[in-house]
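Put together the whole structure using the sequences plus the hints.
Number of protein chains: 4
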Amino acid sequence: MDLNADLGEGFGVWRLGDDEAMLDIVTSANVACGFHAGDPATMRRICLAAAERGVAVGAQVGYRDLAGFGRRRIEYDFAELRDDLMYQMAALDGFCRLAGTSLRYVKPHGALYNTAATDEAQAAAVVAAAADFAPALPVLCQPGSVLAQLAAGAGCRVVGEGFADRGYLPDGRLVPRSSPDALVTSSEEVADRVVAMARRQQVVAVDGTVVPTPVESICVHGDTPGAVALAQRARAALVGAGVHLAPFS
Amino acid sequence: MDLNADLGEGFGVWRLGDDEAMLDIVTSANVACGFHAGDPATMRRICLAAAERGVAVGAQVGYRDLAGFGRRRIEYDFAELRDDLMYQMAALDGFCRLAGTSLRYVKPHGALYNTAATDEAQAAAVVAAAADFAPALPVLCQPGSVLAQLAAGAGCRVVGEGFADRGYLPDGRLVPRSSPDALVTSSEEVADRVVAMARRQQVVAVDGTVVPTPVESICVHGDTPGAVALAQRARAALVGAGVHLAPFS
Amino acid sequence: MDLNADLGEGFGVWRLGDDEAMLDIVTSANVACGFHAGDPATMRRICLAAAERGVAVGAQVGYRDLAGFGRRRIEYDFAELRDDLMYQMAALDGFCRLAGTSLRYVKPHGALYNTAATDEAQAAAVVAAAADFAPALPVLCQPGSVLAQLAAGAGCRVVGEGFADRGYLPDGRLVPRSSPDALVTSSEEVADRVVAMARRQQVVAVDGTVVPTPVESICVHGDTPGAVALAQRARAALVGAGVHLAPFS
Amino acid sequence: MDLNADLGEGFGVWRLGDDEAMLDIVTSANVACGFHAGDPATMRRICLAAAERGVAVGAQVGYRDLAGFGRRRIEYDFAELRDDLMYQMAALDGFCRLAGTSLRYVKPHGALYNTAATDEAQAAAVVAAAADFAPALPVLCQPGSVLAQLAAGAGCRVVGEGFADRGYLPDGRLVPRSSPDALVTSSEEVADRVVAMARRQQVVAVDGTVVPTPVESICVHGDTPGAVALAQRARAALVGAGVHLAPFS
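Chains as they are written, first to last, in numbering that gives the first Met the number 0: chain R, 0 to 248; chain W, 0 to 248; chain P, 0 to 248; chain U, 0 to 248.
Simulated from the structure, these hints should not be mistaken for laboratory data.
Watch out, some of these pointers could steer you wrong.
[Claimed, not checked] Covered stretches of chain W, going by a simulated chain U footprint (3 or more residues, C-beta under 8 Å): (1) 62-68; (2) 73-82.
[Stated by the list, open to error] Derived coverage of chain P by chain U (criterion: at least 3 residues anywhere in the stretch with Cβ under 8 Å from a Cβ of chain U; other residues may be distant): (3) 76-83; (4) 149-158.
[To be verified] Here are some chain W residues the structure puts well away from chain P; computed CB gaps all over 10 Å: (5) 98; (6) 100; (7) 184; (8) 187; (9) 209.
Idealized CB from N, CA, C, for every residue including glycine.
Dropping the structure here:
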């Protein structure tokens with residue numbers, strides 16, 4: 000099983016989360032590439048630190064929207080979106096190569112993640128950028144999403160991900176953030192969930208339904224002090240249950 | 000002899016110069032990378048068009064300053080400047096590889112060009128970015144500049160450039176843009192100059208002094224209709240004088 | 000009757016259209032405020048030039064999206080959009096006051112114009128910003144749009160506008176830009192249309208239907224040389240038909 | 000005596016310092032205006048909160064440089080800098096007026112603060128923007144600086160400020176940030192210094208020299224948890240010493 004987290008999401012003087020702490024927890028780092036967050040100096044630092052630890056680096060690509068942190072849906076033209084994503088992937092890959100490694104996968108961020116899960120045009124732009132960058136580049140996304148379908152159809156490797164600290168609906172989608180059940184905050188519950196995902200490929204939805212989760216990676220968060228502790232607990236639970244942690248790529 | 004020009008210097012809806020016309024004139028294209036100008040869709044289009052024509056692509060890297068078009072000196076920290084430049088080079092290289100080629104050289108833009116010609120710290124950042132990107136990556140710059148010296152010292156290939164339409168001082172520097180002699184606008188004079196640079200490695204300065212110009216590339220401009228015609232005239236004069244035109248890289 | 004046009008839509012070194020020529024044609028200038036286009040030096044210059052000519056200045060407010068020129072719909076949060084628009088209006092008003100006048104109205108730009116014509120939340124944000132800025136501030140928009148309804152309900156003055164060079168559907172909406180009938184390019188036809196709008200408050204739709212156009216202002220464009228000539232023709236036709244041209248504000 | 004602090008220096012999702020805590024300490028708030036930091040929603044929130052507490056709002060104007068947080072000197076053209084500053088002041092004033100008050104003063108930020116202290120052209124641009132915005136608008140700056148001299152000459156009210164937690168050189172300038180004596184971190188020492196500035200208009204420099212500080216305002220910082228506590232201590236010391244705290248404006 001792989002553990003992934005969003006890293007490098009500060010910009011200039013502004014920091015978000017504890018990148019160094021998270022690099023000791025995860026096996027894959029989704030590094031922001033400068034459009035919704037991230038700056039070149041941070042990208043370099045994280046790529047070097049990830050390479051030292053054997054953590055795989057993926058491009059966490061987003062809309063060009065620093066002010067909105069990539070969380071506002073934007074009605075991009077297909078080609079413009081594809082090229083904006085390609086640009087971000089290539090830029091990050093430069094720092095990966097400097098660190099003696101290379102870009103291993105792509106994962107869309109924020110509103111692009113949500114939009115590409117259901118919108119064919121934006122999903123197709125993500126897939127086109129991935130295919131332009133490298134044949135069969137892995138795409139990290141939600142199982143069953145439109146993005147997963149299109150990526151598979153285009154010959155990309157599709158890597159399904161589950162969420163350690165997000166509530167699930169009976170149909171496998173996430174509980175919307177506006178709902179009180181959106182976040183799982185109990186560390187025991189998080190520990191139980193990640194082990195169930197890793198060992199039995201399933202999670203219990205908010206209504207008690209058992210939902211299948213065919214995932215190769217589990218997403219943890221690190222943007223608050225509490226989140227880092229929760230991520231550490233998730234890792235410890237997996238290790239304690241005998242789950243082997245390694246990059247999927 | 001190589002002919003180079005700055006291309007792709009629009010941004011979004013805004014255009015600057017006639018990129019397509021210039022691609023039929025030059026042998027090397029200095030492509031803007033998104034920090035002072037340039038957007039991913041334009042970078043892709045130009046890289047593809049350049050590759051079709053056998054025009055070499057170099058990274059025209061600049062300060063992060065769209066509002067100032069990279070023409071305002073910024074007191075960057077060394078590492079921040081190096082990483083901003085590395086980011087730009089890697090992003091452009093992604094589109095080069097998509098076009099079946101690769102990034103062939105780097106040339107600083109605007110205020111960075113001028114600053115790196117005399118300022119050790121900024122010149123060193125340009126050189127560090129070039130060396131980080133690829134060993135011996137050619138650096139296109141003014142002969143005798145601090146950048147030329149540091150690049151040579153670091154093992155980069157230094158490619159000197161002359162200017163078809165800029166006045167020269169007796170010491171080999173360019174006439175400042177604020178002076179009436181800054182620009183050469185007569186197409187006959189431009190034709191004579193480029194042939195003298197190519198055949199005799201020299202140019203006549205504003206006071207009549209003959210100045211040596213040990214250059215492998217001549218820079219032409221294309222940001223006005225008149226400039227495109229002047230560039231065409233320069234190319235025709237070189238061809239007429241039997242000078243072989245080809246990328247230096 | 001008022002004639003309005005979008006002005007100041009360059010950014011830094013990039014220009015779009017001939018602002019000076021258009022200021023001699025229109026009676027109201029929709030000045031870009033820096034988010035989709037426009038920079039402070041341009042805003043100052045246009046406000047001063049407009050004030051000299053008795054041209055009213057309105058805020059052409061847009062999404063924060065220079066790369067997309069405000070033409071991509073963005074799913075803003077209500078309060079964020081309201082505050083982004085308020086910021087733009089206040090900034091432009093500073094240059095108006097410097098020129099001895101004040102901001103006279105607001106008009107949304109591009110994708111915000113289209114979205115606010117049908118989307119209640121974004122229309123409400125435009126109205127909230129207008130009301131925050133000044134009681135009863137005129138809102139320039141399409142007659143019958145959701146924005147027009149909400150603005151009227153909030154006590155803003157609603158100023159309907161027609162388009163000199165855009166095709167109309169039988170229901171009064173504009174022909175989408177993707178259609179071949181989207182633009183009217185014949186100067187004679189433009190002349191006839193603006194006179195019909197001004198004298199009879201009507202326009203002939205693409206299918207021959209006569210559509211009522213209860214407008215106080217007609218929008219002309221100036222972003223191409225041909226557009227400026229068309230705008231001059233529209234103005235001449237109105238003057239020739241005895242229509243008095245003056246700012247609506 | 001007035002207490003001022005830099006507020007609203009986040010951007011979008013990123014936060015810097017505890018604005019609400021600082022608004023209970025200071026009598027004047029230097030609010031970031033969107034160019035080096037600050038977004039419209041934050042500007043609105045702080046202007047409303049400041050007005051409720053009787054805290055005066057000033058424009059903390061900076062270079063257009065979010066990535067560098069306004070801390071990198073930029074070689075602006077005079078008119079461009081003046082207009083960029085005017086734009087920021089006017090935008091913030093819009094939110095002040097919404098809160099029932101108005102912009103009371105201007106203070107340059109970061110590299111602009113330092114540059115305008117010694118560079119005539121940039122100081123003149125700050126003064127021109129202030130004078131354009133409102134006659135006699137107070138300029139908050141270091142006593143004896145070039146900015147103070149030019150502002151006085153132009154009829155602006157000059158308000159000198161001292162620094163609660165910065166070391167002083169014998170000539171009245173601040174110890175550079177690169178020096179170990181740059182910051183005063185002892186809360187007792189900070190308390191003694193602010194009382195000495197307020198009661199005796201003097202401060203003890205790093206070499207023991209007593210330096211005159213003709214100041215009407217003392218700057219405190221709030222960008223770290225420790226900084227907020229230090230600012231609270233400074234306020235308590237002044238109140239304890241019988242110093243009346245009120246906005247200078």
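Comparing the hints with the structure gives:
With a cut-off of 8 Å between beta carbons, the region 62-68 of chain W has 4 residues touching chain U; three or more are needed, and the interface restraint holds. Restraint check on the region 73-82 of chain W versus chain U: 5 residues with Cβ-Cβ distances below 8 Å, three needed, restraint holds. Restraint check on the region 76-83 of chain P versus chain U: 4 residues with Cβ-Cβ distances below 8 Å, three needed, restraint holds. Against chain U, the region 149-158 of chain P contributes 0 residues with a C-beta closer than 8 Å to a partner C-beta. That does not satisfy the three-residue criterion, and the hint is violated.
At the 10 Å boundary, the C-beta of residue 98 of chain W stays outside the reach of chain P, the nearest C-beta of that chain being 22 Å off. In this structure residue 100 of chain W is separated from chain P by more than 10 Å, as the shortest Cβ-Cβ distance comes to about 26 Å. Listed as outside the interface, residue 184 of chain W is consistent with that label: its C-beta sits roughly 20 Å from the nearest C-beta of chain P, beyond the 10 Å cut-off. Distance to chain P confirms residue 187 of chain W as a non-interface residue, since its nearest Cβ pair spans about 29 Å, more than 10 Å.
Every C-beta of chain P lies more than 10 Å from that of residue 209 of chain W, the closest at about 35 Å, which supports listing it as non-interface.
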